[in-house]
Amino acid sequence: MNVLYGFSSIRLFVYHILQDMHNHDIRERLNVETNSLRSPEGLMVTSTKTIQAGEEILYTYNYCADCFDMGDLWGTPGMYRDFGFLEGYPQYWPFLDQKVYATIEQLSNGTLQARFETYSELNVKSLAFFETQLVRLEAIDIESEIQSLTSSFWRFT
Amino acid sequence: MIRRFYDSLKGAISAIIEAGTNHFSKKENIYDDLDDIFVVDMFEGNHSFRSSLGHSNKSIGQQCG
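Residue numbers (the working numbering), protein chains in the order written: chain H, 1 to 157; chain A, 158 to 222.
Simulated from the structure, these hints should not be mistaken for laboratory data. Among the hints, a few may not be true.
[Unchecked claim] Simulated DEER-style distance windows between Cβ atoms:
| id | chain 1 | residue 1 | chain 2 | residue 2 | range |
| --- | --- | --- | --- | --- | --- |
| 1 | H | E56 | A | T178 | 32 to 40 Å |
| 2 | A | Y163 | H | E55 | 47 to 55 Å |
| 3 | A | T178 | H | T50 | 19 to 27 Å |
| 4 | H | G42 | A | T178 | 45 to 53 Å |
Cβ coordinates follow ideal geometry from the N, Cα and C atoms, glycine included.
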């Protein structure tokens, strides 16, 4: 599951310990940063803003110093796929095949608004793709789908 | 969590469709030209079309005019 395949097992172990000490959040809300695991001085975690006692330590699982371009490729769906949780807004949704990279912001009235990266290419073809996918999604009876899933308890017993 | 992901995906796609539709509706006969590409500069807020037909770097106003 971890994508840091290139690291030694010791470095990977250290990184897992670090991950257990903080939670993931989007870049706008992080309060610590790190240097590279490959740094000769060793791994250092530094606060980027004042952190009160009891406050959550927030780092990133996909925009870390050694994550390369994972964040841009994974976005919100990648975090859900590999870590099992959903990021809060603003969310980043990369649609790689369509070359559409959208940041979805939630306005104060709850409305969702899309902003596109400069290299996004949203054209009428990809727009038709999104319209088709929306029709497919809306045709899904999500409650029935969830009910039909085997619980993790039965899956591992 | 599955339901939340489903809702987020639907919301993201709906927002993308709305942004794209609003933009394309500003140009006449946009659906006749499949080569037009919608580019938004999120930092500058500039909106422009690129096209394989040689309409590069024209503003929306120029395209519509």
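Each hint tested on the structure:
Under the hint 32 to 40 Å, the C-beta atoms of E56 of chain H and T178 of chain A, about 39 Å apart, fit the expected range. In this structure the hint that Y163 of chain A and E55 of chain H lie 47 to 55 Å apart at CB is violated, the actual value being about 31 Å. Take T178 of chain A and T50 of chain H: their Cβ atoms lie about 44 Å apart, and the range 19 to 27 Å is violated. Between G42 of chain H and T178 of chain A the beta carbon distance is about 52 Å. The supplied range of 45 to 53 Å therefore holds.
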